Amino acid sequence: MNNLLVFPLIIPLLTAVALIFAHSRVMLQRWINATGAVLNILAAVLIVREVRLNGIQTLHMGGWAPPYGIVFTADMLAALLVLTTTVLSTACLFYAFGSIGRERERHYFHPFFQFLIVGVNGSFLTGDLFNLFVCFEVMLISSYALIVLGGTKRQLRETLKYILVNIVSSTFFVAAIAYLYGVAGTLNMAHLSLRIAEAGQGGIINVIAVLFLIVFALKAGLFLFFWLPGSYSAPPTAVKALFGALLTKVGIYAIARTFSLIFYHQPELTHSLIGWMAMLTMILGGIGAVAYSDIHRIINYNVVIGIGFISFGIATATKTSMDGVVFYLIHDMIAKALLFLLGGMLIKAAGTSDLRQMGGLMKRYPLLGWMFFSVTFALVGVPPLSGFTGKLLIIQGGFASGHYLWTGIALASSLIVLYSLMRVFIGAFYGDEEQPAAVQEPVRLKGLVSAAAALLALILVIGIGSERVYSYSSQAGGVLVNPAIYTDAVLKE
Amino acid sequence: MELMMSIAVGILFMVGVYLILTRSLLRIILGTSLLTHAVHLLLLTMARLKKGAPPLLGEHASAYTDPVPAALILTSIVISFGVTSFFFVLAYKAYQKLKTDDMEQLRGEEGE
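Heads up: the sequence lines are chains D and F, in that order.
Per my numbering, the first sequence starts with residue 687, numbered consecutively.
Per my numbering, the second sequence starts with residue 391, numbered consecutively.
Here chain D stands alone, though its shape is the one from the complex:
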């Protein structure tokens, strides 16, 4: 029992409630929101420290011991993801201060932002499947509001599709939970793990597992990403960065958790399905990233490629690749948020999102240019930056498990990332300015640059200190490979 675990939920929740009352006073809202965000980081750091020192922490709501009642569980994976979430959402918040506009701030941007964090943190920390659904819904309802806030025509039409896709997938989620409850008679993840290990993973469980995979793949944008490029182009940059960094990764976390803890008995069926979906995701995402010259689209398809790469690590499921999955997940969340923020600044500076009409920005925005250059190399996985270690571990795991074709495609996807982002870098920052007449006075980007610079510094720190971060991600990977650690910690107290 450790009451610390409730803080990543209760702090944003209370902050959001306070923010609702302050909605007409923008400056007050900013202060409250920033304070809440910083407190949240502190709580997350404490949890990571606690898990590091004392192993997996659990919290039994209302004193009901598992398998009854609601249980919160923080293993190293959950703790690290909560920490990453709080840190990068704070950076996005500071970016939002300078870019979101007073009109949106007055119409409850800040409370929805914090409610989104409640849902995301809850999804990472919860220890039973139905609560996972509830936290997903908290997160999704806030995301519906955030994506439509502002009410432009484009936002309205994209939100309609986004909501429809998510309602249908949530419906399937509840159906899958119903089937699983009918078969196993429990929804506590640790208890489920034991029950299914006893009874064996037969045909019915396999069907349920695939149903879960479809649901989570829809949320994560793994293969079923048809809704993602459109929906993620609609909202303003700060919201886009939050979505790209957090929402899809929650889906990936759910896949990693359920398929390492509950449905791990028949990897030749479930995990190879994940693997093939990951391959198709990388290939199709790669085609998308190269095909378009709209900055929004290029970045969105890069999110898709990242999802495919992480899922490839989950599919191979060796200790090395699981360590890599955790490491790369953290890196990818930060780097994708940074990529969206830089993309937003780029569009603001150029006045258009069409790559073909950009050029020559290097003269006026050298800092922006070099930051974009660095994040490109971080995403590709060049050593001093944070992408390298995770990518190396996942690739090593892929070779060790003998999936040579998959590993080859995964390696090739890095080249596609490099090509698509370098195309943006060269197209936007070199050459001549296409329309000198349309160039206004330089856009003020100072406040925005500092938020992005903080994330870039984080990428650099994680990259240089990968030895230390690896020791944490290795602890998380250990739980993913050996479910007994998780079930023992939750059920035997």
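Any given hint could be a false lead.
Listed below are the simulated DSS-like cross-link pairs for lysine-lysine, each with C-alpha atoms no more than 27 Å apart in a straight line [to be verified]:
| # | chain 1 | residue 1 | chain 2 | residue 2 |
| --- | --- | --- | --- | --- |
| 1 | F | Lys483 | D | Lys847 |
| 2 | D | Lys839 | D | Lys1034 |
| 3 | D | Lys839 | F | Lys440 |
| 4 | D | Lys839 | F | Lys489 |
Some chain F residues near chain D, calculated using beta-carbon distances under 7 Å [to be verified]:
| # | residue |
| --- | --- |
| 5 | Leu431 |
| 6 | Leu432 |
| 7 | Leu433 |
| 8 | Lys487 |
By construction, these hints were calculated from the structure, which means they are not laboratory data.
Only a predicted model underlies this, so the values are computations on that prediction, with no experimental measurement involved.
Positions of the beta carbon are idealized from the N, C-alpha and C atoms, including for glycine.
For chain D, the structure is supplied; the task is to place chain F on it using the hints.
Positioned in the frame of chain D, the structure of chain F alone reads:
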């Protein structure tokens, strides 16, 4: 009884999916609403239906109804009501602004 419920769930799913595949936004929302209700019935059915026993684990209970599905459905109903009402408001707003409720005309992403 379970068989009847399964058939009812199946029919609700059929109608829901049919409505979602139509072009009118209003029908699509009603379709999602029917789908979620189908799923709630499914949740109820999967925990096995029982008559005449309270959902309490008494001292010497020989039979009791499983309370968990009821709790789950309650939570899920609240969520689905919230989402459906939000969807209705959004559809109304979109109809006002985009001047159409035909999903065929809302395809693509171009235009502001």
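Problem - Enumerated hints in conflict with the structure, sorted upward - result: Checked against the structure, the hints that fail are numbers 3 and 5, while the rest are satisfied.
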